[in-house]
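Trainee: Residue numbers (the UniProt record's numbering): 1 to 116.
Hints in this document: simulated from the structure, not taken from any laboratory. Heads up, some of the hints might be wrong.
[Stated by the list, open to error] Ranges of calculated distance between the beta carbons of each label pair, as one might list FRET restraints:
hint	residue 1	residue 2	range
1	Pro93	Lys61	17 to 23 angstroms
2	Arg69	Phe10	26 to 32 angstroms
3	Gln85	Met112	14 to 20 angstroms
4	Arg18	Val67	15 to 21 angstroms
5	Pro47	Met12	15 to 21 angstroms
6	Phe10	Gly95	42 to 48 angstroms
7	Gly96	Phe10	17 to 23 angstroms
8	Leu16	Arg69	15 to 21 angstroms
9	Asp66	Gly96	54 to 60 angstroms
10	Ala68	Leu43	18 to 24 angstroms
11	Gly95	Asp66	24 to 30 angstroms
[What the hints assert, rightly or not] Computed cross-link-like contacts, SDA-like style, restricted to lysine to any residue with a CA-CA straight-line distance of at most 20 angstroms:
hint	residue 1	residue 2
12	Lys3	Glu56
13	Lys30	Glu19
14	Lys48	Gly95
15	Lys61	Arg84
16	Lys3	Gln78
17	Lys61	Val8
18	Lys3	Gln49
19	Lys61	Gly95
20	Lys30	Gly86
21	Lys30	Val8
22	Lys48	Tyr76
23	Lys48	Glu19
24	Lys48	Glu72
25	Lys3	Pro47
26	Lys30	Gly96
27	Lys3	Lys48
28	Lys30	Ala64
29	Lys30	Arg69
30	Lys30	Thr99
Every residue, glycine too, gets a C-beta built ideally from N, C-alpha and C.
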Amino acid sequence: MAKTRVLVEFGMGSSLRREDYTEAALRALKDALWHNSVNMAELFGFPKQAMIVDAEIGVQKPDAVDVARLAEVFPYGQPNITVRQGGLDIEKPQGGGRTVIANAAVVVSFDMEAVQ
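Construct all of the structure, not just a fragment, from the sequences and the given hints.
Mentor: Quick look at the structure:
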């Protein structure tokens with residue numbers, strides 16, 4: 001397979017009150033995906049399902065993220081989601097909990113051998 005990267009997008013999401021790592025990660029993914037219309041499949045003459053989508057999410061508590069919910073964000077393509085240590089937890093004053101911040105990087109690639 002000649003996996004070739006054609007697009008990289010970045011996003012940020014937060015959970016201001018509930019300390020919900022999955023929700024912050026979802027918002028980061030949506031922020032990255034909704035920045036533009038990903039029409040690369042048509043450009044290369046591929047079906048949209050041929051898009052290989054590698055998403056990397058950074059949060060302070062990776063095990064608290066429901067990866068299955070993240071996969072539901074992608075309307076097509078072959079998503080591969082990795083959640084790792086990253087993002088930020090910002091403590092609120094007087095022990096009022098924390099704000100959770102997630103970062104996302106979304107990379108779209110194609111198997112270019114399929115073009116030939």
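Trainee: Hints broken by the structure, by number, lowest first?
Mentor: Hints 2, 3, 5, 6, 7, 9, 10, 14, 17, 23 and 26 not satisfied by this model.
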